[in-house]
Every structure is written in C-alpha cells, then in structure tokens.
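Number of protein chains: 2
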Amino acid sequence: MPDTAFAPAYFDKNRQAILDDWFALLRLPTVGTDPKRLGDCARAAAWLKKFLKPLGFAVDIITPEGGLPVPIVLAERPGAGATTVLFYGHYDVQPEDPLDGWKTPPFEPTLIDGRVYARGAQDDKGQVMGFLMGVKALIEAGMPLPTLRLVIEGQEESSSKGLTALAPLLRQRLHADVLMVSDTSSGPASQPAIVAGLRGVTHFTLTVSGPGYDLHSGIHGGLAPNPAQGLARLLASLHNDDGSIAVSGFLDRVRPPSEEELGLARESVITPEAYEKEIGCPPAGGQQNLDMVTRVSFMPTIEINGIHGGYGGPGSKTVIPSSALAKLSMRLVPDQTPSEAFAAVKKHLTDRCPRGLTLTFSDSDSGAPGFRLPVHSPVFRLAADVLRKIDPRGALFHWDGASIPIVALLQHVSGAAPLLVGFGREEDKIHCPNESFGLDQFVSAMTWSTLMLSELAV
Amino acid sequence: MPDTAFAPAYFDKNRQAILDDWFALLRLPTVGTDPKRLGDCARAAAWLKKFLKPLGFAVDIITPEGGLPVPIVLAERPGAGATTVLFYGHYDVQPEDPLDGWKTPPFEPTLIDGRVYARGAQDDKGQVMGFLMGVKALIEAGMPLPTLRLVIEGQEESSSKGLTALAPLLRQRLHADVLMVSDTSSGPASQPAIVAGLRGVTHFTLTVSGPGYDLHSGIHGGLAPNPAQGLARLLASLHNDDGSIAVSGFLDRVRPPSEEELGLARESVITPEAYEKEIGCPPAGGQQNLDMVTRVSFMPTIEINGIHGGYGGPGSKTVIPSSALAKLSMRLVPDQTPSEAFAAVKKHLTDRCPRGLTLTFSDSDSGAPGFRLPVHSPVFRLAADVLRKIDPRGALFHWDGASIPIVALLQHVSGAAPLLVGFGREEDKIHCPNESFGLDQFVSAMTWSTLMLSELAV
Numbered sequence: 001m002p003d004t005a006f007a008p009a010y011f012d013k014n015r016q017a018i019l020d021d022w023f024a025l026l027r028l029p030t031v032g033t034d035p036k037r038l039g040d041c042a043r044a045a046a047w048l049k050k051f052l053k054p055l056g057f058a059v060d061i062i063t064p065e066g067g068l069p070v071p072i073v074l075a076e077r078p079g080a081g082a083t084t085v086l087f088y089g090h091y092d093v094q095p096e097d098p099l100d101g102w103k104t105p106p107f108e109p110t111l112i113d114g115r116v117y118a119r120g121a122q123d124d125k126g127q128v129m130g131f132l133m134g135v136k137a138l139i140e141a142g143m144p145l146p147t148l149r150l151v152i153e154g155q156e157e158s159s160s161k162g163l164t165a166l167a168p169l170l171r172q173r174l175h176a177d178v179l180m181v182s183d184t185s186s187g188p189a190s191q192p193a194i195v196a197g198l199r200g201v202t203h204f205t206l207t208v209s210g211p212g213y214d215l216h217s218g219i220h221g222g223l224a225p226n227p228a229q230g231l232a233r234l235l236a237s238l239h240n241d242d243g244s245i246a247v248s249g250f251l252d253r254v255r256p257p258s259e260e261e262l263g264l265a266r267e268s269v270i271t272p273e274a275y276e277k278e279i280g281c282p283p284a285g286g287q288q289n290l291d292m293v294t295r296v297s298f299m300p301t302i303e304i305n306g307i308h309g310g311y312g313g314p315g316s317k318t319v320i321p322s323s324a325l326a327k328l329s330m331r332l333v334p335d336q337t338p339s340e341a342f343a344a345v346k347k348h349l350t351d352r353c354p355r356g357l358t359l360t361f362s363d364s365d366s367g368a369p370g371f372r373l374p375v376h377s378p379v380f381r382l383a384a385d386v387l388r389k390i391d392p393r394g395a396l397f398h399w400d401g402a403s404i405p406i407v408a409l410l411q412h413v414s415g416a417a418p419l420l421v422g423f424g425r426e427e428d429k430i431h432c433p434n435e436s437f438g439l440d441q442f443v444s445a446m447t448w449s450t451l452m453l454s455e456l457a458v
Numbered sequence: 001m002p003d004t005a006f007a008p009a010y011f012d013k014n015r016q017a018i019l020d021d022w023f024a025l026l027r028l029p030t031v032g033t034d035p036k037r038l039g040d041c042a043r044a045a046a047w048l049k050k051f052l053k054p055l056g057f058a059v060d061i062i063t064p065e066g067g068l069p070v071p072i073v074l075a076e077r078p079g080a081g082a083t084t085v086l087f088y089g090h091y092d093v094q095p096e097d098p099l100d101g102w103k104t105p106p107f108e109p110t111l112i113d114g115r116v117y118a119r120g121a122q123d124d125k126g127q128v129m130g131f132l133m134g135v136k137a138l139i140e141a142g143m144p145l146p147t148l149r150l151v152i153e154g155q156e157e158s159s160s161k162g163l164t165a166l167a168p169l170l171r172q173r174l175h176a177d178v179l180m181v182s183d184t185s186s187g188p189a190s191q192p193a194i195v196a197g198l199r200g201v202t203h204f205t206l207t208v209s210g211p212g213y214d215l216h217s218g219i220h221g222g223l224a225p226n227p228a229q230g231l232a233r234l235l236a237s238l239h240n241d242d243g244s245i246a247v248s249g250f251l252d253r254v255r256p257p258s259e260e261e262l263g264l265a266r267e268s269v270i271t272p273e274a275y276e277k278e279i280g281c282p283p284a285g286g287q288q289n290l291d292m293v294t295r296v297s298f299m300p301t302i303e304i305n306g307i308h309g310g311y312g313g314p315g316s317k318t319v320i321p322s323s324a325l326a327k328l329s330m331r332l333v334p335d336q337t338p339s340e341a342f343a344a345v346k347k348h349l350t351d352r353c354p355r356g357l358t359l360t361f362s363d364s365d366s367g368a369p370g371f372r373l374p375v376h377s378p379v380f381r382l383a384a385d386v387l388r389k390i391d392p393r394g395a396l397f398h399w400d401g402a403s404i405p406i407v408a409l410l411q412h413v414s415g416a417a418p419l420l421v422g423f424g425r426e427e428d429k430i431h432c433p434n435e436s437f438g439l440d441q442f443v444s445a446m447t448w449s450t451l452m453l454s455e456l457a458v
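Top to bottom, those sequences are chains H and X. Position 404 of the first sequence, counting from 1, maps to 404 under my numbering, and the rest follow consecutively. Position 375 of the second sequence, counting from 1, maps to 375 under my numbering, and the rest follow consecutively.
Same shape as in the complex, but just chain H (with noise of 0.2 angstroms):
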C-alpha cells in the first residue's frame, strides 16, 4: 500500500518525463468545437492511446457519428479485487480566446514559479494526467490496482455531444462500481473538497433582427426599432429587481437542500470579503435574500455569457444596429430538466418581444439535468478517509455551482457511484485567459489517484 509519500518521490524521480507527456498534450489545442481544431482533437486521442498501451491498458479510439466526429478514447486495464473502477476525464479545452488577454502562448505551456500555464493546464488535461500518472506510478511499482475502465472524451466544453449519444450503447464496456472523476476543485484553503451535487447546464444564442442593415442614428433615430435596445430591454425582463429569476415557471421545481446538506455546504463557503479580494469585486450576483452557498449550490441561474451587436471600435460610430445577439446559459438544479427550463425562458421572451423585432433562437443543445449525492455512502467514507490522509483537515463536502454534463448520464449507464474529487483552484482562472495549474495540485492529484486506487484494489 502506497503512503502520502509515494506520489511525492515518484513525481521528483521522474519531473522531467512527467512534464513533457503533460505538456505534449497541452500543446496540442483540443477546441472541441471547433472543426478546424479536429485533427488536433485526433492526435490528442492517438497520444493518449500511446501513451496508455505499455501500461497495460487495451485502448479503442471511438468516433461518434452526428455533430462533429470528435474520438473518444475507451480504454481498460483488468486489476485486482472484485471493484471496478471507471475513470472519467476530458482532452477537450474551452476556445483561448480573448488571446489579447494570455501573457504567454495558450497552447504552448510555460511553467513560471512552479504553475504550468496553458489552456487546458488544469481544466482537464493536468487533473487527467495528474490521475494517469498515479495509475503509472502504481503500475511501475507493482503494486495493485482495481480493475480500471477509462472514459476520455473530447466534447465535455460542448455538452457531450457524442459521448452522450453513444453511452446508452457501451453500457457494458461501462458498467463499474465506482465512478472517479478528476475534473472539480479543492475548497477554501485548499483544503480536500468532494463533491455531493452540480448543476446542470444548457445553452442558447438569442439573435434580435430589425432593420435590413445598420442605419444611420439620426435619419432614423425615432423611428426604426434597435434591436440593441431590444434585447436590452429583452435581457433586463429575465430577472426582477432582487436578482430573483422573473421567468414563469422556472422555479417550480427546485427543490431546497436539507438542514444536513446545507449545514455541510455552509463549511466550505468564504467570506464576501474573500471572495472580493479574489475575484475583484463583491459577491452582489444571484437573489439577494438568500445567502451565498443557496445561491450557487441550490439554486439556478439565467447568464448573459456574452452580448454583441453594432459598433464597438474606438470613437464613435452612430448605427441603429440590424441585429443584436446574446449568448446565454442556465444552471439546473435536480428536478429541472434543461428542455423544460429552455422552453420557458423562450416563451418569456418569445411574449415580450417588442413591436418590429423579430426573434431568432439557435445554437441550444439538449443540456444535462444536475443531481445530488447521498453524503453518508460507503464510497464516500473511503473517499474522506483517504483525503483525512492527505490533509489532516479531511474533506469537505461540496455542491459545485458548475456542470460536468456527461456525470448524471454515466452515473446512470455505468451503474456506478460517482466519486469527484478533484484540485482545482481558482486562480488557475479555468475557461479564461493564463489558465494555469500548480505543480503541487499536480501531485495532490497524483497522491489522491495512488491512495484512492489502492483503497478499492483491496
């Protein structure tokens, strides 16, 4: 049985090697939805499979018919015990835009004051390789390890697409006891977080057409609809005056978390005042008579990601814009379903469209319900006492306000009980520009994957 120890030595003996598999991977940009990133998508699958063979793993690469054929990598690894395990992780990275933003290259990793930055650094090729090199080290050592099953997609920023239409159909190559997944964060201080609940996600594109082309502000300021103004006015009707979602229905089914669930949750939470110092400014969003962890663990939300029509250069430039768009995205909580929730906010809108504009809705995807776990299951228990291993603080309990869409589904298809546990941080700044991820987090992921494996080996 491996010690806190073991992780540690192995990374030193073998930094350089561990770097640069890491860092081939990172170099490749992964975008998974982005056409012209496909081929990349398709050596980071065939580099996965390289780099898992000699370990003993069988490796098949799938490539999901419909949307884009970005391969998935299955791969297996019969061990010791009667456990099986499967391990789900993604290759796939959000677009590196805005690249104005990156002091060093998004694609070619750079390691400074012992963080790697790239994108994809932490969120999820480092929490992958973090978890694979665990696996080698045990391998290696000889020492033993469940049976393993690894599920390596290339879709996880866009909802899964494939994986999600070819689960159902793999369910035996799935079926598992225990479903591991690298791909959430520590709490405060960096203290072991395991994750109880996340939400649910799904997305659209809102388009607001009014005039032909862009006209002139003054010939036809007065009389011409803006459709700026439009989706402003559009956007603005989508929450009330205390922040609380103003969509009918769109409530209905959330369910309140219990005294346990909220008293746990409440442990991991930080100050207002932290959360300024680390984000920039006060935690003012969501419903404002609720407290900070209802609002990002229990509850939903609507997001304006981004809002884009007419001029935007420098100075001036004195347009009623012929359309404005806003791309926007919800947080589900158990019981919603995404369909149900899109329809409503589309008939909110749909209602209030004002005179002369017209309506466009595109780019919605099918989305993934959240859930929660019971915090008193077997797993969990040698999950907290693994981590209690790692840091005398033990773990917490965490209802994570993001999404891993794909869980809820191989949760249901594997049979398995999910296990999250991962090492993000937030100032690896995942999804945005200098993504990075700490050579300790690196390791803790290591040392979680040693202990964690040879727990459920025996």
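Check the hints yourself; a few may be wrong.
Note that the list lumps identical chains together, so a pair holds whenever it fits in one copy or between two copies.
[Unchecked claim] Computed cross-link-like contacts, DSS-like style, restricted to lysine-lysine with a CA-CA straight-line distance of at most 30 angstroms: (1) Lys277 - Lys347; (2) Lys346 - Lys277; (3) Lys103 - Lys36.
The hints are simulated quantities; they were obtained by calculation from the structure and are not laboratory data.
Assemble the complex: chain H is given as a structure, and chain X must be docked to it using the hints.
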C-alpha cells in the same frame, strides 16, 4: 445664366475626367477618427488643394491643434456681385466596418448600373464633388459666380473637433451671407428638399465592470454580479414601456413644432408601409403615441449604437464576462444642450448602477446642438425657385433627424443664413456597407450648384 441642361451637358462631355477626380478622392480611406488614416486625410486635403488652385482659388490647409491633427481645407475665390457664399463639406468618412458586409472593396470605387459604390461615395465626398464640379463648369464656361469661400474638413463624422475649436478664430475668413451645405437628402420620391432644421448629437461609451477577469459561469453563477446583465438592465431603464425617454429632466427643454412647421414637415413623410418596404422593419421605434414626423424631426433620442461584452463566437462559452460596454448617442432638438443631456443620462445610469458593478463613462465629446430655421427667409425663397426649375414638384421643407454638428457653429461665426440642400437617398446606405451614390444624384448636385450660385452672383 445657365439653364437646367447646362450641368448634365457638362457631365456628359467630361464624364471620364469627372469620375477620375471623384474616384481619386474616394480611394483615400479618410476615416477621420483613425490615427492610422491620418496620412490619407492629409493626402485628401492636398488633393483638394491641387484640384481647386487651377480654378482660381487661394487655398490654405490648416492643421488644428489638440486631438487628432486632421487637416482642414480653406479656400477663397473672389466673384461677381455683393454676395459671399460659404460652402461647407467634409472629406472624412465613417469607418468601413463591418468589412464582410461589402460586396465591393469600400475604398475601390466601383460603378455598377449607374451607381458608384464606395465608403464616402455620397457622404460626403460625392455631394462635395458634385457641388465643386458645378463650380468648375461655371468657371470653364466663363459664367459669373459669387465670392466663394470653402471650408472642407476631415472630422465631421467625429463632431468636427478641430474646426469647432478653430472656427471662432477664423471669423473674418468665414464671414458670408449664405452658408451652403451639401450633406443632406432629397425627400420621398427624390423630391428636392430644403433642410429647415437638424437635430444635435452627442455620444459616449458606457463600460460596466465587475469581476477582475472572465469567470466560469457555473462556479460563479449566483455569486458574481454579471456586467452584461447589469448593462442590459441599465440600458433598458433609459426608455419607458411606451418607448418614451425615461431619463429625468431629459425632455424638459423640448419645444414642440409650430402648426406650420408640422404641416410642412408632414408633406415629406413616407407611409409606414413604404418605410417597412425600404428598411426591412416597421417604424416601431420612438415614443409610441407620437406620429412618425414628430418622432424623427422634433423629438430627441437615446440610441444604443453598439453593445459588446463576453463571448460572441460560434457555439457557447459559459463565462460571466468581466466587463461589457455600450456605445450610445443622443439626438437633440433645439434648446437642449449636449452637456445637459449627457449629464442627465449619466446621472440616470449612475443612480441605477447595480450593486457590485462599476460604471465608466468615456469617449464623450462636446457634441453639437440642434437648430430650426425660419421657413420664410429670403434665401429659402430663392432656393425654392431654383429647385422648382430642377423639379416641377418644387421643394419640400425637411426637419432632418440627422446632425451636421458644425453647421450651428458656422452659422454663428459666419453670420450667414444656412442653406442645406442635398441629394442623398435612403438607398445610398450612408454609414453602412455598400454605400453608394447614383450618377443622376451627382448630376443633380451639379445642377443645383450651377443654378443657385448663378442666382447668388447677380
């Protein structure tokens, strides 16, 4: 005295040379707000000097201080009679974006089916060259002209900053009896129109800032205030549900038109059906309980010219943007001042700034007031007679919703009576991709120039 056939005959005879001159000016990308195009503005001024000198003009190129040094062309040619005419035009153009909306290159003038396509083809290089070609035709024919003073500047599209500062110092050189401006449009069905009023204008950029960087919309949704959402709420608050302006104090100085003004203005109005056919959407903008003419000619506006923040690319990127901005402009009616209007809007927005977000106001200018002219003045009677020769329907009076910021100041400094007659049409699509000017419109501008200048030379 030339007749109405004089200018068309001159055009037909010198067609290629006229187009060569006009196109040479159009090829210079004279975006007066863009520091990178300063050289092209200087080249345009030099080109005009070279064009005017052989016609007997004394020409000075004056470079304003403070702000971008976009040169101003000042020229004078002594003439017959006691009347001095000051002609005002501009060689600068609006930015050419969005570039992908153009069917031909914006700075490579292209003649298709009797129309010249290029940025500035009409506004204002086409109208200026039409006027100047009329001057040239008269001179070459040895016909008398009044004393002619020209001021052709390069910052009209950005509030004429340099000329605004210089004009009071040039009082003597600008002194005149009539201020002729060729920068406006004909009425419906191309009926000639005399502009009896213009709206003023002022603009600014509003930036809403929140988090220090783009945030993950799952991890932070419900916690962080969303700048795009805050911006939408702020912009929506500028108007009431009936389309009227909701900013306290903004409408206080609005002076309703007289019965006569309203009656004359209504002669040049188009029907809502014709508007929709031309523009692609119904005239549903502005205050709902007012008629079209009142809304566009005698009421102010607050328009969103552009709105930008967060992700706008293909697919989705689930961020809470760190900031979002809107470009706004206001059209003003007489007695409203740009500074008071901006102050009222700024206070309105500042008072409503959502918690956790901060507002920045930038790019604001000194703006220009609007004006209305008496419809029974001698110069208007003379112009009406001339225009009846060109078109038996005679001239309409038009209170234009657009702005030529410098006109009110030039009127004040020169002591001249403004006479704004132009030959633009909606189909010219000024300020938009595929701006164009018909050769027939160009010849009308020449005819107007030859006939009106001859009348004023008596």
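Same-copy or cross-copy closeness of Lys103 to Lys36 [CA-CA at most 30 angstroms] = For Lys103 and Lys36, both the intra-copy (24 angstroms) and inter-copy (26 angstroms) Cα distances are at most 30 angstroms.
Within, between, both or neither, where Lys346 and Lys277 count as close if Cα-Cα is 30 angstroms or less | between (36 angstroms within a copy, 28 angstroms between copies)
Given a CA cutoff of 30 angstroms, do Lys277 and Lys347 count as a within-copy pair, a between-copy pair, both, or neither?
-> For Lys277 and Lys347, the Cα distance is within 30 angstroms only across copies (29 angstroms; inside one copy 39 angstroms).
Checked against the numbered hints listed earlier, the structure breaks none of them; every hint is satisfied.
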